[in-house]
Amino acid sequence: MGARTWLGEWPMFRQATGPDPLGRGAAVQSPRTKALEARTRDADEVVKSVCPYCAVGCGQNIYVRDGRITQVEGDPDSPVSRGRLCPKGSASTSLVTSPTRVTTVRYRRPYGTEWEDLDLDTAVDMIADRVIDARRRGWQDTDDEGRVLRRTLGFSSLGGATLDNEENYLIKKLFMALGAIQVENQARI
Amino acid sequence: MAEAHPVGFQWVMEAKARGATVIHVDPRFTRTSAVADLHVPFRAGADIAFLGGLIHHVLENELDFREYVTTFTNAASLVGEDFLDTEDLAGVFSGYNHETGRYDPISWQMDGAYAAPAAGQRDHWESELREERARFTSDTAGGAGDQAYAPADPERDDTLQHPRCVYQVLKRHYARYTPEAVSQVCGMSVEQFLTVADAITKNSGRERTTAWVYSVGWTHHSVGVQYIRAAAILQTLLGNMGRPGGGILALRGHASIQGSTDVPTLYDLLPGYIPMPNAHLHSDLQSFLDADAAKTGFWGHMDAYLISLLKAWWGDAATADNDFAFDYLPRLTGNHGTYGIVRDQIDRKTFGYFVVGENPAIGHANGKMQRLGLANLEWLVVRDMQMIETATFWRDGPEIETGELRTEDIGTEVFYLPCANHTEKSGTFTNTQRLLQWRREAVHPPGDARSELHFYYHLGRKIREKLAGSTDERDRPLLDLTWDYPTFGVHSEPDPESVLAEINGFDADGNHLSSYTQMKADGSTSGGCWIYTGVYRDGVNQADRRKPGSEQDWVASEWGWAWPANRRTLYNRASADADGRPWSERKAYVWWDEEAGRWTGHDIPDFEAGKPPSYRPPEGATHEDALSGTDAFIMQADGKAWLYAPTGLADGPMPTHYEPVESPVANMLHAEQDNPAREDIVRAWNRLNPSMSDTYPYVFLTYRLTEHHTAGGMSRFLPYLAELQPEFFCEVSPALAQERNLEHLGWATLISARTAIEARVVVTERMKPLRIGDNVVHQIGLPYHWGSNGLSRGDPANDLLGVVMDPNVHIQESKVATCDIQPGRRPRGPALLEFVESYRRKAGVEPGGIT
Ligand code: SF4
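Residue numbers (my numbering), protein chains in the order written: chain H, 1 to 189; chain Y, 190 to 1040.
Worth double-checking, as some hints may not be accurate.
[Stated by the list, open to error] Quick partial rundown of chain H residues pointing at chain Y, CB under 10 Å, derived from the structure:
| id | residue |
| --- | --- |
| 1 | Q29 |
| 2 | T33 |
| 3 | L36 |
| 4 | E37 |
| 5 | T40 |
| 6 | S94 |
| 7 | Y111 |
| 8 | A180 |
In case anyone wonders, no lab produced these hints; they're calculated from the structure. The model shown is predicted, which means the values in this text are computed figures rather than measured ones. For each residue, glycine too, the CB sits at the ideal point set by N, CA and C.
Chain Y with its partners taken away, still in its complex shape:
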């Protein structure tokens, strides 16, 4: 955190100054470790073993915050009799199909109830379509509420003793994650593990809370979603969710990466985490809502959220008679994630590509795959500020050097359009804590540079002009689209506040909505992203509120605007006990004011303001009325935090340790080596290193430096930053340096089944060899910022990586893989290909290639 989110880290240091213990669990010793109370080095890719060990420790010693657990979680619910655990089935759960490599989750359900998840695979439980669905790739992963078919109450045992209750199921699942096992798998000592276990359990409960902070070190794995699930289970058991100083904090890496998921430029989502419709399941609006909208909890209003969105997009053309133009939405049939798109580019199944403020030739796993995709396009639009490698692959990419591609043979037509920077346009970023902050335009963009708002608005305008008068049915959505934003200035810049106001939404009289609770399913309201409704309340740009922090309390709720409803901590009803009293004075945050008959506190309650703790839903209640006064997790169909997830996940209801797909060691916890449900792309340009291979014996991990930003487009071109970190390097331990004759500040070549790259060697005690079972595992650290352009140049670390993916979110495993390392520079030209091929031959890997 001190490295990649330095200014955010000031709050950790502030907490430390007030007595907090800071523990850093990371394969590398970094600037964070340097100021932490404890640094625990461990093996990349072993996090579920570690977190599972902590869960085991909590359950085995009954250290959970019992009152919180029985009030707010599904610990007491009984799992159905058909469920079989990894303990019963040698490392896989029931429902695994060995032929397809996929799970059918029907056996994971709770006793007597179909529950559906608030995120992830939303359609699992659509019974009449289940069979059909099983034949197709799931493609609504990542969506929010699959709260369909909310249950009749599942069977419960509030004593938590029933062998099938979640608490006991969890306990059995993690029984083998003992401190000794964790030590073996992770390479930390039993004492180190117990020190951490002790610190977090002692620091949780009524009086204290513990926070977990992670970044892509958790998401970039073939089991990435289950990493986060494991943390969620632990934090829920310890009573650390929805409370001040608690939570699981995802530190996101870009100015508005949170915004990019909220208002998603992602294939599987509509704004506000509404899933994209699926051709196999959703023939019309009703079947979509039946499958995806919950009956209970706030996802019960998905109809109002979706219809308001359709009204925002298609205005008067969206009527009750035409399902509010639901049919205008294109349908998914499978995975259209970025790696599948690039595969299709290489296969010439897709022809054009817009790359906007992104440098995939350097910044994405398996750079060769990315560049081959670019080279097989008909046209490419790159919008950036500097001449990044994605724009110049055709003249100076690594494949030109090796002779795999020739400039004269590359048919890609490239449009490089300069873009405006953050000071040359107004608009909102959503930061990592869901805070929307408005930036004001300071100067005009120079020359041909324009904002994305300008480019896409005018591109859409031109396309609509060219198709005007078309009677083709497929052009209706385009011609009926609401696409007339007021513009200003010499370049006819669209007014960004008018777009923000559309996102916020309007009522039937054209007034700005102030809350998503005002949205209606009858077509009388509009709003482009329901979770952002309120950001333009009263016609005021709430994201531009700038009351100085020094004039506010510690919640600072008058700076910017946080979604939803300006709540700063989600699910904060859980900061009070069943009766609505703060768990302790020290940790008071939101509580029930009996006299006023309202929830109140330091933050805006994430709960219906007037629903008393004593509320119990009447028979047959729906939506939020079906949740009781203690159901704090209001987006869940049952209002509970799920320790066990009966649905929503593609790879199991509970996190299980699987080795990274490329690992130097065998899985010591389960018979299954790696995630049995992972996604692969088996192609010559994406060969994988076999695990436990002498040819690729070392682990490497990629990371960022404070002084550079992702693929370098905003840092390698700037003199200060290029000077601060001038060269690509690899970090190795003195022991590995000795083993491979690597010289400090000399050159090293790193080799995988994809390619070989060279880097300066930094020999440092910060990297520690680890004992894993009977093996010594060496880890190599690689910052991934470099490429061939800019002031500071070097080989891209991402070229070393292959692509294997988490099955839930189709994110690649780029935080751990294997390689060899040798002293000296890499071969140049065609000799590089032969060099890499010789390694593949030695390892028994099939030949590489570009098709």
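Isolated chain H (complex conformation):
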């Protein structure tokens, strides 16, 4: 190793002589940091998305490797956000990879003191039965004066303003067909 190479690896020397006098970039790189690569570099796929927090609607690029999300970045193409994300949007990677996320059905029986396990299909089947029952018990054909109501007040729905339009559409459509008028959303709040 010549003296020149040795000197050239000394950050102070590089900072004093190189193009990075403030020592914020190349001057302070060590062999280890030089070898580091951004998670975004080796992604298999970059998928176009939109931030799920506020209504600005910033564009997001989702970096995926081996079927898992490795990073979420702002999308520079978006004329709304021009690649920027705020602290919430920037935290999206931790939102979608959160270790405390619940990924199995939890069930609390009436008067129960603990959560229990429940199979997803069974849960949806039980909910369907409860909807049919509550619908029947809350049903109103007419009001006191004989006017047609054709509705149920047996159950209701609330949420959520982070749902897709397609999802809200199916909720409204299904509830109307069930005669369930009590559909509400964060938009009222």
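Dock chain Y with the ligand against the given chain H, drawing on the hints supplied.
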């Protein structure tokens, strides 16, 4: 805006860099104030006094954009002789019923014409049913066009001098909103007020436009709708609507909260702002259209929009013979807004509840009321990503701690179903500027997590299977429903593009519609939400268009798709003068091209492309043909922007300053203290603080932080965000800290008639005591993100709030209320209840309770 919509705020900073003046009017000094040219601190809940003062300033000094006002507004129309103003009736308008607390708006009408609103209370003018209607709660608030009974032209005075013309009526109504009065009521100096007045009037007109930006700081009030109306009046007088750089921009707080109103999961609306049918008014399709569809303007096509919707939902079962299955729709009879539903849950009148991506136990006003509702259900379905407080109320809610509820006594069966996040499904969000943007699925949801599309599709499928073969009439709508979406993948995920295509609609040959103007009332077209028609034009997902912004002009119309018809600025015909020429070169946006015989410009014209400015409707014309070439506000029955709203509002034709329901001061402008038409829920769990009470002497307001999101379900559980804002706190001024011995970074207890909560104290000059009349008013700021779960925990600020509502939209007053503040932590367990009760006793408030 810098706090809650940070990336959107880059455009404000860009404008500032190009010379725009940024004014921030807010009770708190925030990150927005820090970079604004001027921050005007003022009292929460006094906005109508402030906006009314600006209207007064414009009218008194004739600073309105006169040519715009006479061309595009109803300023010249005469108000009927029966109308009496708040000036005549000590703070209420004519038509007020002191017993019911409601208005009959018949006396507000224009001279010689019944006009009906494009939004709000659509059915007011159905004459033969009016009497009957007056006996019932109005329940179509929030709907769009009530353009029924569009007028024969009302009487006009184009000189604007007639004492009953709107311009003069407005001028009298706001006569007492002088700079001195504004200063007294709002707590800003006369100089500060005049600086703002001067800045916005100088920055409006031919060459310049001013924009107003608001969020829930305006809507969360017992007079919230009238706040927005006041801004609309001001912006219309100044000629700032339908023009680039103008408008009133509602910054909405969630990724698709705009979409949630367009494709409404709201009780009073059908998709595209068509009102839900009302049992008292709408016995069949025709009576519905008679009452709610306009005869003139684009709401005249409500029949085509509604019948296309019915065809989308019920397909072949919807025929001309059965009114296109109009009868399948359930009917409303009153207010079924969220707070009424929760009251009914507590009263066990309703049994089941789906809570989807929402955390009402923390995020809604009066948390106790919310949790009591949950505790009185038979079953609850919570769909979320984290274990939010709404799912765990039965084991660790505040009422368990106080002993008001016991886990073993709560009969609610809880299903917690994990949901997919935004990267695990495809679909559209509609952002705050009406822009639909498609997200593509990046990965599959883990474990039992599924999209809402999956859950509701398969739930509906199961229910239909279980009821298959039923001959019960009430099951017909369910069994006749079009409910067969193509599915893919191991979990049989429904194809979201097929749903978007249904929303867009089809013609008789099965081609995708390209515009709502193709919709027909004969049942030959379908479409699930008429304002979204065009989003799937040519079979192409227009919401997935991603031409980079850098390769487009400043309107960027090839990114995503904006409703309606990809128009980026609504009512943009008003960006040109009566003859269709831009008001100025600098503000050119959309104009009439005489040679081509078409409207053209930077945006898609929000006007019939071939209707010349000189067009005048022939006698008896209907629909859009009844609007002239200068009627820019095409959804209005008269094509005009309404400075005075003869109908559509439940609490008056012009905004009037009323104090918040909980206020430390008397109303200095009118004899009536608070909104006489407000909605209350009088129950032990919803006690209100009396106004001007020594027991609850301080104002508090709730707000968001940049680093957290609403009730915290998507932020308190994430390490970065929890670390950035680790703890619930209250912001107080040094003067209040001194008055109450509060120590910076110590604890404080805040007390209202609902409960008491504790927070860390931040003593800061950002909060300023205000002089209101002879009083000094202290304001306390409370971010509302916290609850008992997650990485960062704390008391929920919303527990401090009661529920009183705006009568138009049934939204709660959660941006201003009163409280006391004391140093130290709050009592624990049952002692908390006694502590809060002692305050109620002292204030003369009835006892609290859980029933
Ligand atoms: S990144 Fe921030 S500003 Fe942009 S949409 Fe997300 S939350 Fe809103």
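Outcome of the hint check:
For the restraint placing H:Q29 at the interface with chain Y, the shortest Cβ-Cβ distance is roughly 26 Å, beyond the 10 Å limit, so the hint is violated. Against a cut-off of 10 Å between C-beta atoms, the interface hint on H:T33 is violated, since the closest Cβ of chain Y lies about 22 Å away. Interface hint at H:L36: violated, since its Cβ lies 20 Å from the closest Cβ of chain Y, which is beyond the 10 Å cut-off. A least Cβ separation of about 21 Å between H:E37 and chain Y goes past the 10 Å threshold, and the interface hint is therefore violated.
Checking H:T40 against chain Y by beta carbon gives a least distance of about 14 Å; that is not within 10 Å, so the hint is violated. Nearest Cβ of chain Y to the Cβ of H:S94: about 5 Å, under the 10 Å cut. The hint holds. Residue-level restraint check for H:Y111 holds (minimum Cβ-Cβ distance to chain Y is 6 Å; threshold 10 Å). Checking H:A180 against chain Y by beta carbon gives a least distance of about 7 Å; that is within 10 Å, so the hint holds.
Going through the hint list in order, the structure does not satisfy hints 1, 2, 3, 4, 5.
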